[in-house]
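**Student:** Take a look at the letters that make up each chain.
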Amino acid sequence: MNGVHDMGGMHGFGPIVREVNEPLFHADWEARLWAIDRIVLQQGYFTIDAHRYGIERMEPAHYLRASYYERWLASFEYNLIHEGILTDDELRARIEFLRRHPDSATRQDAIPAPPAPREHPQSPPPAPRFAVGDSVVARNIHPVGHTRLPRYARGKHGTIHRLHGSHIFPDTNAHGLGENPQPLYIVRFEARELWGDSAGPREAVYLDLWDSYLEPARS
Amino acid sequence: MNGVHDMGGMHGFGPIVREVNEPLFHADWEARLWAIDRIVLQQGYFTIDAHRYGIERMEPAHYLRASYYERWLASFEYNLIHEGILTDDELRARIEFLRRHPDSATRQDAIPAPPAPREHPQSPPPAPRFAVGDSVVARNIHPVGHTRLPRYARGKHGTIHRLHGSHIFPDTNAHGLGENPQPLYIVRFEARELWGDSAGPREAVYLDLWDSYLEPARS
Amino acid sequence: MPYDPEQEPYVALRTKALESLLIEKGLLSAEAVDERISEYERDIGPLKGARVVARAWVEPDFKARLLQHGAAIAELGLTGGDNLVVVENTPDEHHLVVCTLCSCYPWMVLGLPPTWYKSFAYRSRAVIEPRAVLHEFGLDLDEGVAVHVHDSSAEVRYMVLPERPPGTEELTEVELAALVTRDAMIGVAKVAGPVHQGVAPV
Amino acid sequence: MPYDPEQEPYVALRTKALESLLIEKGLLSAEAVDERISEYERDIGPLKGARVVARAWVEPDFKARLLQHGAAIAELGLTGGDNLVVVENTPDEHHLVVCTLCSCYPWMVLGLPPTWYKSFAYRSRAVIEPRAVLHEFGLDLDEGVAVHVHDSSAEVRYMVLPERPPGTEELTEVELAALVTRDAMIGVAKVAGPVHQGVAPV
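Residue numbers (our numbering), protein chains in the order written: chain E, 17 to 235; chain U, 17 to 235; chain S, 36 to 237; chain G, 36 to 237.
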């Protein structure tokens, strides 16, 4: 989706602010959320692509004012509810309960085995259409769902810099539409191709792009 | 600038919400701000382009959460201070005073004549480089300042649809760098050129673009 | 809205401070502000555009001049037409107006825009999915109808000349003007005929 | 942070509710959560990357293998190198890593990213004005130096192999690793030699 998360080349976000002696987490809840999210993800309840899409689909003003882990929280809640692991009512009720009984211990039930990983019917990934050195164009696509082709590269010419095996296709995987692995390429774009003459002549940007994001350049 | 204000083609802003029997203004302050801004603008204290840039330069999260007239207010304050008409201290002090004395009448001094309009040394606008029917490309530029060439059209091919005289060039005028009028064209872009194959075949977008935004299309 | 200084929001206070300072500095008078507001409340609004549309429907020569150059609105005593471009909707061609970068709108004929026109949703979507936007407004165009979206990126202002609805042959110019809605002149609606008993025009 | 339930922010409460529900539903245990956190607090962090860099500086064959395929980090007992690409900074070529779409970062060698790496400012600017960004980090590259920005848009992860600073010929591999900073492995800084008495490495 063409969302505010697609920030490459945006202006107006000010200087880069660094924190001296930054801790690993800024609050206990951030650490616990991070760990919980990772554990649930690794058990296969939803995918990393769904995690990312859950962030991207936040209301744009909310995305911009939320902190990093607030965005994780929004996505985690969305995905748990979306996958039917929790209901919205359940979550609200538990929040209310914990607000009134902050010291209540959580009941520790016996932990059942995690669910079997989802089986996606899978065809073998297609062979790479491009080789190192090939001239390509990133397609001008504007999907409403998840994609990892940033707006700034769409329609731009680049060169295949390196092949990097086959990778799960996020545009379908984020939406439960299958892993559909495709060849992945590291594609080099000259900065002037991306940003025009104001960019430096000795600057390049490299993106990791899936086969179907690319077309052969017309020579 | 590549700002959040450049919204054409963005996803994620939800359905279009309409208000039944909408009033002209939703609060007295909106009406007064609107009128004050117009009056000051027409006297030439700053330009419509500076007014727009004042909105665009808002911090992105602020832009997205502010209401329409809150964005005007942010720009108006910025431009009045930027032009030296008010100081930030003066404004803060007056807000504080009015907070403590809400019923105080404003002292009505005699009104002096408005300042002479600014003289911009001006060369005659260049002759149009393009004629109706010409194929053009919108340049791939990413200025950090004000521009009226939306990101979605940059690098895209279009056709000159109509000439519309000469117009003040906003990219310089917004920053006090002169009016520099240029020929203005209505340029037609096929929706599929802009958005790819997901757009309809019988859709087109028209933009009003200045001469220097355009290049002849290589045939 | 009733004035209650205790409840005055910060934005209202800031506006009051600005007005107060600018009056002191001689840039404006409270009277000029009042006058400007009442001028718009009184006689701008979409009524002017509706008069233009009705005239174009009944006078083919005027319509030709209007489509040629928006300055023809001067014939109705209206100013500001130099930068006005009027585009005509037909059974085969549908025009729609937006400003993706801010909120440009043909004030000279339609007054101030409604909030939805300035909304992020309309600004972002009208250029990339105009048919979906029109559908939300209750207007489903046939696939064969061409859609033209005008993104007002300069000082040119666009007004749509909607199709004259059937069954209006007997109406006077004044009666026709009463049928024309703001939304039809933005291009998100058609003008309904007098027999139409649907939703009240916005 | 000291625990004060009265002051607990809403986000903390929501997280607690999620953890509590997921424990009940058998998706996790509080112990597993604790363990995961302490694992990262204990031994991830940029120390792993620093060991990789020091080894590459002292062992040319290892460096060649590492640049060929990040999986070479397995030789140091490190896992997760299959998707790691290591890029080498030289006097003429400077590499810089960013993730414009989210916050992809080479956890397997650098641990969790600093907040600035995930900031909107860094994400938006690194690809369009990398030299200005480097300048803000105190690194002014000669015009002749080529800048390569790696935008991590897939599951490939990038680590920069910084230049070995002069004056370090006598240092052991362990001493060299102590010089290597996280920022140098992201590509926003160079590694300073042991005689350097400037700002403490971040």
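Some hints could be false.
Stated by the list, open to error - Derived lysine-lysine pairs resembling BS3-like cross-links, with alpha carbons at most 27 Å apart:
id, chain 1, residue 1, chain 2, residue 2
1, S, K153, S, K60
2, G, K225, G, K98
3, U, K172, S, K153
4, E, K172, U, K172
5, G, K153, G, K60
6, S, K225, S, K153
7, E, K172, G, K225
Unchecked claim - Here are some of the chain U residues that sit facing chain E, going by a computed Cβ distance under 8 Å:
id, residue
8, F29
9, P31
10, V33
11, R34
12, N37
13, S83
14, F146
15, G149
16, S151
17, V153
Think of the hints as simulated: they come from the structure by calculation, not from any bench. C-beta atoms are modelled at their ideal positions from N, C-alpha and C, and glycine is treated no differently.
**Student:** Hint compliance check: list the failing hint numbers for this structure, sorted ascending.
**Tutor:** Going through the list in order, the structure violates hints 1, 5, 7, 9, 10, 11, 12, 13, 14, 15, 16 and 17 and respects the others.
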